[in-house]
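Peer 1: Residue numbers (the numbering used here), protein chains in the order written: chain A, 11 to 430; chain B, 9 to 403.
One or more of the hints may lead you astray.
According to the in silico footprint, chain A covers these stretches of chain B (three or more CB under 8 Å from chain A) [said to hold, decoys possible]: (1) 171 to 178; (2) 239 to 251; (3) 278 to 284.
Just a sample of chain B residues kept apart from chain A, beta carbon distances all over 10 Å, derived [claimed, not checked]: (4) R59; (5) R89; (6) R94; (7) D124; (8) G192; (9) V330; (10) A333.
Just so you know, the hints here were simulated from the structure itself, not pulled from any lab data.
Using N, Cα and C, we set each Cβ at its ideal position, and we do this for glycine too.
Read off the chains here:
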Amino acid sequence: MWPTVTDPDQATADLAEHRVVITGLGVVSSIGVGAGEFQAGLLAGRSGARPISAFDTKGYEYANGCEIVGFDPTPWVRNLDPASLGRASQFSVSAARMAVDDAGLAAADLTDRHGLVAIGTTDGESRDVDQLVAQEVAGGPDRMDPALAKRVSAVRLAVAIAHELGLTDVETVTVPTACAAGNYAIGYGFDAVRSGEAEFALCGGADAMSRKTFTGFYRLGAVAPQRCQPFDRNRQGILTGEGAGVLLLESLGSARARGARIYAEVLGYGLNCDADHPVAPNQDSIARCMRLALENAKVKPEEVDLISAHGTATRANDVAEAGAIREVFGERAPRTVSMKSMLGHALGAASALATVGCVLAITGGFIPPTINHVETDPECDVDCVPNQSVRADVRVVQNNGFAFGGNNAVVLVGRYEEHR
Amino acid sequence: MTGVAQRLPTDLAAGAGTIAGREGVRRTVISAWSAVSPFGLDRTDLVAGLRDGRRCAAPVDAPGWPAAAGEACPVPGFDARAVLGRKGTRSMDRVSALAVAATGQLLRGPDGARIDGVGADTALVLGTANGSTQSMMDFIRDSLVQERPYLVDPARFPNTAMNCATAQSAIWHGLRGPNTTVAGGRAAGLLALQYALRLHRSGRAGAIACGAAEELSAARAWLEYHTAPGWLAATRLGEGCAMVLLEPGGRPGGHGRAELAEVLALEFGVYGQPAEVGSVLARCLRRAFVTAQEPPDRVWAVASCGGPEPVRAAEENALAGVLGAGATPLRLLSTDLVGDTNAASAMFALTAVLALAAQAPAAGGRTALLTAVDRDGVVGCALLRLGTAAQERAS
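Input sequences plus hints: build the corresponding full structure.
Peer 2: Right under this line is the structure:
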């Protein structure tokens, strides 16, 4: 049951400004499916790394990745034929269904509410595009499988969620802003709910592991042979990953009125663009994005208890990111961890999964570790909570997401407190 | 007609050329537009093509296309190096070059310099369907056929990400504000407008360059062939990039620009089965008129993306039902004008309305309705109030 809080005809951005809370979490990841398993994985410092089976890795000198094996979408994809969905859409729909269930809602509770579905991605259904090209190489372009061709439009990652849940009164959009896309989508959900334009938002990110992206990063020399070691002196790069994280956002008034469990509050976010280099990060621009996010969230740097870093474990990212954190936070920077050490780089899902991790850190009273850590690089000497999670009182967390093209998005989440 | 923004008297007082707004609602207005279209590289080419009722179509003579594609609507003579120069274009793909060119045209005044009030903090929002399918497929093919699977061109890797055209345009033109790509098939242009409006309302941007881009390629044609073969045979695939400059209401006058239109309302929904298109679109349309506080009989033009049956008929029925059987607005279909430009079609519909309104004294102060129905389920509409300043100058 979802009581009416605002009259949708009256709700415009300029008339209302709601606090935005997180009441449902959905996770498909290489270290656990569902918020509970995911939290257990973060607490234990579980690694999702394994030899890649998603595509034929013959000819590469090494090919580890954080792949999800044996994923069965049928517990969550109940109304659609899973075969009509590409792998990324299977992930996004499953995570969205989990988030709705987790929020104590039935899909029918949402059908009468105007909502937003926003899913970030880097590659959309690039696993399908891999297959289509393989079919073309083998037999010519007329031999591509029409069933795959019909699945590849990127908007389907979001639309399929509406279809599965039977929602028609929703604005659905896919936000393909590469590896910061999850944060972009969460920020978009925040703005839509805060203004009263949407009564709920299902937002996050999804991506499926593909030959295309592995090959691109491999060619750039950015893929680690074995494991992902953010902020380590001997870090060798990313491991590609996959999965989906979806959050259900609603206004505080709505959550209270229906007696929902409130995980945490979205405090604000910041967006900017380096407008500099297609792939290399820009330290000053990243710092500017953090400041925009803090300002939007009305949070002072010293109030941040934890930074969930973009932390890809490439040489360039970790140095630029740590430098930017020093610029903004000074010498007393909060603990700064990279969940990519466990999850690999799940691309458009990465910052959404990390936001879920931040929420669980707040509710669970712990800081997830940066695993595979041997020796901190003096060039990026953050306290990365090496290898073991620690108990901590976490009130405010900053989650960083940076992408190719200099697309930066930083999200702030905070423990829900009645008076803020 | 040259760019409408160029002929404004510089002493335009605050209020003149400003569209009267609804009380209490932050207004977002369109103060400039650009188009790299099948009619040519400049917005004036689109204006001339529409005025003359030209049919853009060229036989596809490139190898590797499905025969069923028949004719297509390429941007004539468009080549990244020819249009943008050799520097920085070696690895640039077609859709990025189209977006870079259209962004440049949008932000450039008649003297070739950056127009006033569009600083480095300007935001950029671009609609897409799938980025460059050709870039993705070429990259994957290289991995599959080269001697080693990693012998791909690293400089072309960023082209395979769907945010490439938006990011390239920001790099090229030095735009460090929010930089967002939205994917929405045929509805991408309207979703981009909606995203931009939220940036305004949440105080994240002042000036926003907002548009949508699509490229013609064999890869896209083959996907269309396998997805909707009947439609591919019936239509002409088109390409291009259309953009508008969005600003808070009242701001353009201070920079010597007129308010060409105000975005009054945007509404979206999703259909599961084609039979639901009519009811979902009708709900969007009714809400848009209520939100805008505008009666349906004030609509001067209705511009839709166009697309295959049975969705098209459902769209027409919904429009007739909401506008009333006696309504006779100017009716435009993006597919008829510039071919099926997919992700760019709604934004081309918008720029076509702006181009025609500037030459139509009856349009000033009335509204324009845009509709989009994507094949994968997104339905959207936008209601705009047209300004009066453009007609005054054109007359």
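Peer 1: Checking each numbered hint in turn, tell me which of them this model violates, lowest number first.
Peer 2: Hints 2, 8 not satisfied by this model.
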